[in-house]
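Undergrad: Take a look at the letters that make up each chain.
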Amino acid sequence: MDGGGLRLDLNALDYVLLGLYFVTVLGVGFAARRAIRTSVDFFLSGRSLPAWVTGLAFVSANLGALEIIGMAANGAQYGVMTVHYYWIGAVPAMVFLGIVMMPFYYGSKVRSVPEYLRLRFNRPTHLLNAISFAVAQVLIAGVNLYALALVMQALLGWPLWVAIIVGAAIVLAYITIGGLSGAIYNEVLQFFVILAGLIPVTVIGLVKVGGVSGLMDAVRDSKLGEAGLHAWQDTGTTANPLGAHWLGIVFGLGFVLSFGYWTTNFAEVQRALSAKNMSAARRTPIIAAYPKLLIPVVTVIPGLIALVTVKGLGAPSGDLQYNNAIPLLMRDLLPNGVLGVAVTGLLASFMAGMAANVSGFNTVFTYDIWQAYVRRDRPDDYYLRIGRYATIAAVVIGIGTAFIAAGFSNIMNYIQALFSLFNAPLFATFIIGMFWKRMSALAGFWSLLLGTLAALATYLLYKSGMIHFNSDLEESFWGAGIAFVTVAVVAAILTPLTAPKRGEDLRGLVYGTGGIDLKAGVLAGDAAWYRSPVLLGVIALALAVVLYIPVF
Amino acid sequence: MDNHSEPARDPLVDGAEADERRSAAARLFDIRRVIGGLFAVYGIVVTLMGVFDSQAEIDKAEGVRINLWAGLAMLAFGLLMLFWQWVRPAEPPAAEQDGVIGQPDDTGSAYPEGS
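Chains as they are written, first to last, in the working numbering: chain Z, -16 to 535; chain L, 22 to 136.
These aren't lab readings, by the way, just hints derived from the structure by calculation. Just so you know, these numbers come straight off a predicted model, no measurement behind them. Treat the hints loosely; a few may be bogus.
Partner residues aside, some chain L positions facing chain Z, computed with beta carbon under 8 Å [as the list claims (entries may be wrong)]:
id, residue
1, 31
2, 56
3, 93
4, 97
Pulled from the structure, derived: some chain L residues nowhere near chain Z, Cβ distances all over 12 Å [said to hold, decoys possible]:
id, residue
5, 104
6, 107
7, 108
Yeah, the Cβ is synthetic: ideal placement off N, Cα and C, and Gly gets one too.
Taking the hints into account, I'd like the entire structure generated from these sequences.
TA: As structure tokens, this is what we get:
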């Protein structure tokens, strides 16, 4: 170690590459402006985008701070078991969203996930979800912004406040001007830039450790040992690097947590709602599943490479924390040129995460809070303007949150963990409401509320030490499971006691009530067999299984 | 699933649907041009840096001429995107209506049909 900290030695040409990217991002925002005439253009790209664009934006919206930095850190800390977050913890949920749930979302023409709750249940359920989503998004945007600023400070030596404001200003500019099209187009661009940054690190890292077999030998000699090379070994107990039982992995991570995140998180679902027809909307999350299958190659593998090449990695604080796995490899392995591309990719990933939060927030704020409860029946231009104000407000609040996070970074981590728990009861309410016609509006409200409180209570009891779990991860599995069961029980008890919704009000919203046209707006080319959402989804699931089979 | 009945109606959702008819989304540019352009420029800059890399830079990357290879790969990818856009350009919205089944007033997108 040269003791030079994390600081990267960027030269003028690296900055040219970074600058070119920023200019392009802003240019995309400005160029998208001419395609905005209505609020639907601004919030949902006029429902006009092809599936490959929305699909890549779908995966890119999730390639934020947590993903790149966090999954490489997990790779270094837990080894190969980290792939569970991708193959069982994401792909099945993405395929389920595309095949089963998207017909209800897209077919009912709702403009947001909370709006589905308004139609399926009632206004209180809607308001509860709209407000909790809006609050979560601005707070998480702040956390993403803070993470971005930390990286810029560490790698480039920019002062924290400069980094926060530059990052926020760029995201603000391209979303306020270009709307969701600006955000989605930039996400597609970001997807490729992130890969262009991560692939060279992975390739040179593998050369350094002597290829895949060299890496495996080195991992066996590391503190992770043989266990770091297996995904399922010793999951009959919790004596494995992740500390998770296979039941927890399959049902906690693979079912409740991942389905909650991928199928009801509007920041994700919004990308599919902007697709041009039903077929493209259904293919959006499924097309996203394919890159998702392969992303561990550029996150988990660099994590393992960092574990065996960076001496002392895994320190509780300072430059050698697991979270710095990828920046440390960039510093050690990349010459100027690809280094500039890699830094650009890293910054792009942070902006992708924040932009997804902001564009989800402005839509829900405008359609689900302002239009539904504050000012109804105004001309469309009015809501378009409100959307732009909401974007500015979200970014300004995000900046505020980022500065708070700078003072209390642990608290902010807890807040993020807390909101992620809200997904489980939301998913339970959705899935029961989508498939059980009889579930009443009142049952929907109380299920969601009590399920959320159950998740919250489990979390708080764990944090205050009243209940014991082996790890934060185990707590999140249990918290999600308890929330799910609470929702189901409350729905089962309240539904028989309350009045059902009329059948015609549920048409297109609930399974078995009709009203969904799977061929809506389909173009001639979409009928091709290789564009069938079901076929593409089944292949993605099969690949997720095949990838688990060890080949070495 | 029964496809014959209409989905449930809602005034706010209907209002948004009416607005879709005056959507300007068809004027959206083609993102392939931007991706292709950026990567072609990145490719040229990084390839040139790779050609003139000093031994110290090659040694840092474990003896791999990474700038050269990454530059050429990015250039190839950028040109591929531009080529894709050239062989299957965005169709003018009016021409797309022929391919639409069912909804004749659907606004076209800036892309060829399908993904």
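Undergrad: All hints are to be evaluated individually against the structure, with a verdict given for each.
TA: Hints and how they fare:
The closest approach between the C-beta of residue 31 of chain L and any C-beta of chain Z is roughly 6 Å, which is under the 8 Å cut-off, so the hint is satisfied. Interface restraint check: residue 56 of chain L against chain Z, minimum CB-CB distance 6 Å, threshold 8 Å, status holds. Because the closest C-beta pair between residue 93 of chain L and chain Z is about 12 Å apart, greater than 8 Å, the hint is violated. Here the hint on residue 97 of chain L is broken, as its CB sits about 12 Å from the closest CB of chain Z, past 8 Å.
Against chain Z, the non-interface label of residue 104 of chain L holds: every CB pair exceeds 12 Å, the least being about 16 Å. At roughly 17 Å from the closest C-beta of chain Z, the C-beta of residue 107 of chain L stays outside 12 Å, upholding its exclusion from the interface. Distance check on residue 108 of chain L: its Cβ is at least 15 Å (rounded) from any Cβ of chain Z, clearing the 12 Å threshold; non-interface status holds.
The structure shown violates the earlier hints numbered 3, 4.
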